[in-house]
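Position 108 (the sequence shown) corresponds to 108 in our numbering; numbering is contiguous.
Source of the hints: derived by calculation from the structure; they are not laboratory data. One or more hints might be untrue.
As the list claims (entries may be wrong) - Each pair of labels, with its calculated beta carbon distance range:
1. Trp40 with Arg152: 19 to 27 Å
2. Glu50 with Gln153: 24 to 32 Å
3. Ser71 with Pro109: 42 to 50 Å
4. Lys96 with Glu44: 45 to 53 Å
Claimed, not checked - For lysine to aspartate or glutamate, the following EDC-like pairs were computed, each having C-alpha atoms within a straight-line distance of at most 16 Å:
5. Lys141 with Glu127
6. Lys96 with Glu63
7. Lys141 with Asp110
8. Lys96 with Glu127
Where a beta carbon is used, it is the ideal one built from N, C-alpha and C, also for glycine.
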Amino acid sequence: MSFVARMEALLPELRAFSISLCRNTCLADDLVQETCLKAWTSQEMFDPAEPMRPWLFRILRNEYYMQQRRSWRSVNIEPDAVARALVTETRPESAKDFARLERIIAELPDGQRDALILILAAGMTYEEAGEVCGCSAGTVKSRVSRARETVRQRFVSAERSPDMLPSSVEAGFPALLSRLDEMLASAQSSA
C-alpha cells in the first residue's frame with residue numbers, strides 16, 4: 001500500500017483524535033491538514049516496515065501542542081456548538097452526563113487526557129499510545145489508570161445523590177467509558 005493510501009486510511013482516526021484534543025471541528029480539520037502536510041514532507045523519515053498510525057498520531061499531537069503555545073495570540077471563540085446541536089440524544093439525562101464527562105476529561109492533566117483518549121477513543125495499544133506520547137507503555141497504563149480513577153471520582157462525587165446516578169454509573173464505570181466510546185464513534189461516522 002502506498003504512503004498516501006496508508007495515510008488516507010487513517011484520516012478518520014486522526015480527525016477524531018484531533019477533535020478530542022481541540023474540541024473544535026474547524027481547528028481539528030486544520031490540525032489534521034497540517035499533520036498530513038508534515039508527514040508528506042517528512043516521509044523519508046518514516047520506516048515503511050513500522051506502523052504509520054503511531055507516527056501520524058505523534059505528529060498530530062506535537063502539532064497540537066505547538067499550536068497551543070502559539071494560541072496566546074488568538075481570541076478564544078465558543079466551542080463548536082453547532083456540531084453538538086446536531087447530535088440528538090434519546091434522553092436529556094444522557095446529554096447532561098456526556099457533557100459533564102466531556103468537561104471532566106478536558107480538565108485532566110494533558111498526559112492523562114491524551115493517554116485516555118488514545119486508548120479508549122482511538123483504540124490504540126499501550127505501546128502505540130506510548131510511541132505517540134513519547135513514553136513507555138507502562139507509563140501510558142498508569143496514566144490511563146489514574147485518568148479513569150479521577151474521572152470516576154469526579155463523576156460520582158458530582159452534585160447528584162447516589163440514588164439519582166445515571167444507569168451508566170450504576171452499571172459501573174466501564175459501561176460509562178463504553179458509552180463514551182460509542183458516542184465518539186457515532187460522532188466520527190456522522191462527520
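So, going through the hints one by one against the coordinates:
no. : hint                          : in the structure
1   : Trp40 with Arg152: 19 to 27 Å : violated, 41 Å
2   : Glu50 with Gln153: 24 to 32 Å : violated, 38 Å
3   : Ser71 with Pro109: 42 to 50 Å : violated, 18 Å
4   : Lys96 with Glu44: 45 to 53 Å  : holds, 49 Å
5   : Lys141 with Glu127            : holds, 9 Å
6   : Lys96 with Glu63              : violated, 31 Å
7   : Lys141 with Asp110            : holds, 15 Å
8   : Lys96 with Glu127             : violated, 34 Å
Hints 1, 2, 3, 6 and 8, counting from the list given before, are not met by this structure.
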